[in-house]
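Novice: Here is what each chain is made of, one letter per residue.
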Amino acid sequence: MAGAGGGGNDVQWCFSQVKGAIDDDVAEADIISTVEFNHSGELLATGDKGGRVVIFQQETENKSQSQFRSEYNVYSTFQSHEPEFDYLKSLEIEEKINKIRWLPQKNAAQFLLSTNDKTIKLWKISERDKRPEGYNLKEEDGRYRDAATITTLRVPVFRPMDLMVEASPRRVFANAHTYHINSISVNSDNETYLSADDLRINLWHLEITDRSFNIVDIKPANMEELTEVITAAEFHPHQCNTFVYSSSKGTIRLCDMRASALCDKHSKLFEEPEDPSNRSFFSEIISSISDVKFSHNGRYMMTRDYLSVKIWDLNMENRPVETYQVHEYLRSKLCSLYENDCIFDKFECCWNGNDSVVMTGSYNNFFRMLDRSQRRDVTLEASRESCKPRQVLKPRRVCAGGKRKKDEISVDSLDFNKKILHTAWHPQENIIAVATTNNLYIFQEKVN
Amino acid sequence: MSGEVEASTVEQQEMQDTVVSPEKTEEAKLKARYPHLGAKPGGSDLLRKRLQKGQKYFDSGDYNMAKAKMKNKQLPAAAAEKTEITGDHIPTPQDLPQRKQSLVASKLAV
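Top to bottom, those sequences are chains U and H. Mapped onto the working numbering, the consecutive letters of the first sequence carry residue numbers 1 to 448. Mapped onto the working numbering, the consecutive letters of the second sequence carry residue numbers 1001 to 1110.
Only chain U is shown next, with the shape it has when bound in the complex (with noise of 0.2 angstroms):
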């Protein structure tokens, strides 16, 4: 069963490990923004609210004895991006990092592209375990020596040090978005990536900082005519002139960069036909895509709108193959989840390394997962309560009305303020990241 990576009720989930503070006082800094693994899965990256990054690392010893004592310790934290003021706009640019997104490992270090609302930054994070020492002209400190008193000369040598993990910014894209950046996507060709906001999309060339080239525009002429927005956007995995993007509408557009320069005309536009008698208040925005997410195999695609998760064939554009109900009890309260404007929510969805189970997360630290090839779903839950090393996850139920059942919770006192929107997948192994408000739950699959 190792690195099958499969599974989602076969599988067993036990609670591994929890990063971050237990105080109920979360300060707004330390709201979990963004979770990534890097492509190898040995790297876990998260992004908050103050503009920070923190990485994790995977330890490596122990590894041959059973998967389960791999644990993530911190590998490295600094501060990606700092508030900012639009001094044209008098509007305030928040350091909240949006997206990461890792690069793949070409040499030793390891690069990832991390973002806010205007700015994407390229960071290289190295290690350091030597350093010299014994130099001519100068002191251990750094200051220079007189020259008038050195009187022999030696070579200077490399000595050990402790580990030292760097990071530091390599390149900086900035100015290139006028509205807020929602997604970032590496390209498979690896010397390019997009960047997208609510009304466009940029090309950008790893290397290049001062041009990016626009490779979607839906601002339209008189911006009272708008009607939809870009939610998020994609690379195709393998294939490096394809992309997508989902919007506000509840459609995704598929864009081969072969067809022209400006892809504003789709390749290929999935929708699913909506019945119009069934048309509401809330139709339009509970269908806003908030995610979309290649498979890995490149054949589908995942969206989440705000009640359900939807899987694409990328030849099938009229409706999704599968469609799953996250928390469908909740469209008895859409009109309480307008007013607190829990209904805007932006919820991430994620694959499993096999494609075979995919996974979003809810309201009251609860997430969800679901089985595609044995069509069965999960609910489970992120708590301190379920804290002690190796507890195995206990399935949660959510009573929609009628009679409640002994261990079920109804819908009523669930806990809207706390969701649980990022969530990320090994790309190999049973290992899952989930970021409650302040916390980071990492899971790992059940080893007997």
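No lab work stands behind these hints, which were simulated from the structure alone. Please read all numbers here as calculations on a predicted model, not as lab measurements. Honestly, I wouldn't trust all of these hints.
Said to hold, decoys possible - Estimated spans, in silico, between C-beta atoms of each pair: (1) U/E274 x H/D1045: 15 to 23 angstroms; (2) U/A174 x H/V1104: 22 to 30 angstroms; (3) U/Q17 x H/K1069: 35 to 43 angstroms; (4) U/R299 x H/N1064: 46 to 54 angstroms; (5) H/K1069 x U/D345: 24 to 32 angstroms; (6) H/V1104 x U/D129: 26 to 34 angstroms; (7) H/V1104 x U/N315: 49 to 57 angstroms.
Glycine included, every Cβ here is placed at the ideal spot set by N, Cα and C.
Given the coordinates of chain U, work out where chain H should sit on it, guided by the hints.
Specialist: Coordinates of chain H only, in the frame set by chain U:
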């Protein structure tokens, strides 16, 4: 007899409406609470509000004043690095202290 049948049909229809469309019930609730709510919910107003998210300040002075007020509430920042290099010594990059952390470290990194 027929009157009863009619009544139950109407009831059934109402029940069906509620059962079939909880959304419509919720919509009715919302319209009852906010009668002035615009007819086009996903339209320009909502989107424009979304495009211009973020608190608007009068100017940069207003912004800095607001930030200063915020800072007083937060934990005190790390103590300033002691500066050895002053006076007639021209500092070089090696002399300068390491870039100090401008904000408190993340609690995830403890």
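Novice: So, for every hint listed, does it hold in this structure?
Specialist: To see whether the hints hold, each was checked on the structure:
1. U/E274 x H/D1045: 15 to 23 angstroms: holds (22 angstroms)
2. U/A174 x H/V1104: 22 to 30 angstroms: holds (25 angstroms)
3. U/Q17 x H/K1069: 35 to 43 angstroms: holds (37 angstroms)
4. U/R299 x H/N1064: 46 to 54 angstroms: holds (52 angstroms)
5. H/K1069 x U/D345: 24 to 32 angstroms: Given about 29 angstroms between the Cβ atoms, the range holds.
6. H/V1104 x U/D129: 26 to 34 angstroms: holds (28 angstroms)
7. H/V1104 x U/N315: 49 to 57 angstroms: holds (50 angstroms)
In summary, the structure agrees with every hint in the numbered list given earlier.
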